[in-house]
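J.: Sequence:
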Amino acid sequence: MLIWSSPAGAGLHSPTGILRAAEFETATTAVAVLEGARTEGDHLLAQARQEAAGLLEAAARQAQALRDQAAADAAALVDQARADARLLAEQAVADASEDAARRWHAEFAALQASRDAAMAGMEKRLAAVVAMAVERMVLAEPRQSLLQRAILTLRDTLGDARTARLRVHPDDAEAARAALSAIGSDPDAPRVQVEADADLPPGSSIFDADIGRLDTSLQVQLAGLRGALERAVRVAAEEPVTVAYASRLGEDDGQDDDRLPREDDDA
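Residue numbers (the UniProt record's numbering): 1 to 267.
Don't read these hints as lab results, they were simulated from the structure.
The structure presented is a predicted model; accordingly, all values stated were derived computationally and were not measured.
One thing to keep in mind: the hints can contain errors.
[Stated by the list, open to error] Distance windows between CB atoms, simulated: (1) Asp-95 to Val-129: 46 to 52 Å; (2) Arg-125 to Gln-219: 18 to 24 Å; (3) Val-129 to Glu-174: 31 to 37 Å; (4) Val-235 to Ala-96: 40 to 46 Å; (5) Leu-111 to Asp-197: 52 to 58 Å; (6) Gly-36 to Ala-71: 50 to 56 Å.
Don't be surprised by glycine CBs; every beta carbon is placed ideally from N, CA and C.
My request is simple: use the sequences and hints to build the entire structure.
T.: Here it is, written out as structure tokens:
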């Protein structure tokens, strides 16, 4: 008889710990197998726990990496969204500024056109008023003085002519002869003969020379004066008054006085 005192014997269905001699070898073998199984089980359990801890640690690291990557992606998306919003705001400001500039230029062009139209009308009215005043002054001047200037113009313009015929209205014939007498004789000037022509309106003075025809009538001179005044007023409204500008106006006025309609013999 064997008294089994090992606690491991509880698995051999020997609660009392007493075995027969014939059962000893079988019992010890079974105990060894059980002990090996327990040891192997403990080893496997420890290994499983170690592997589980490793897996948990790896999963935690992977989860942290995923969280970090997600945070970085979110921050990048926020930065990109802010940049896009800033670009959109700048583009909106630029578009609004461009639209405002276009509207301003359009309004300014309309105002400029309105001003130009008003200035053009004012220029014409001013030139008409000045021309009317000058015309009244000229009409108030004696006919002899006007014809005298016309004869002097003839000498300057038709200096190569040998003879000339001055045709005037009958009411102006006496004044024309008096003007010729007042100027006196010039050996280099063409000989002028006064002829009364009832078909001509009062104030007419037409020179028929052997080299052409020159119209120095009062209305022709006044028309030239009105044109010169319109040009002078227009230029004055477009540029500041300077010495060169004033000199040019004086030259233009002198040219306008000499620029009288001239016709040939066939007219």
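J.: Would you mind marking each hint as holding or not holding in the structure?
T.: Verification of the supplied hints:
With their beta carbons about 50 Å apart, Asp-95 and Val-129 fall inside the hinted range of 46 to 52 Å. Take Arg-125 and Gln-219: their Cβ atoms lie about 21 Å apart, and the range 18 to 24 Å holds. Separated by about 34 Å at the C-beta atoms, Val-129 and Glu-174 satisfy the suggested range of 31 to 37 Å. The given range of 40 to 46 Å is respected by Val-235 and Ala-96, whose C-beta atoms sit roughly 42 Å from each other.
The given range of 52 to 58 Å is respected by Leu-111 and Asp-197, whose C-beta atoms sit roughly 55 Å from each other. In this structure the hint that Gly-36 and Ala-71 lie 50 to 56 Å apart at CB holds, the actual value being about 52 Å.
Checked against the numbered hints above, the structure breaks none of them.
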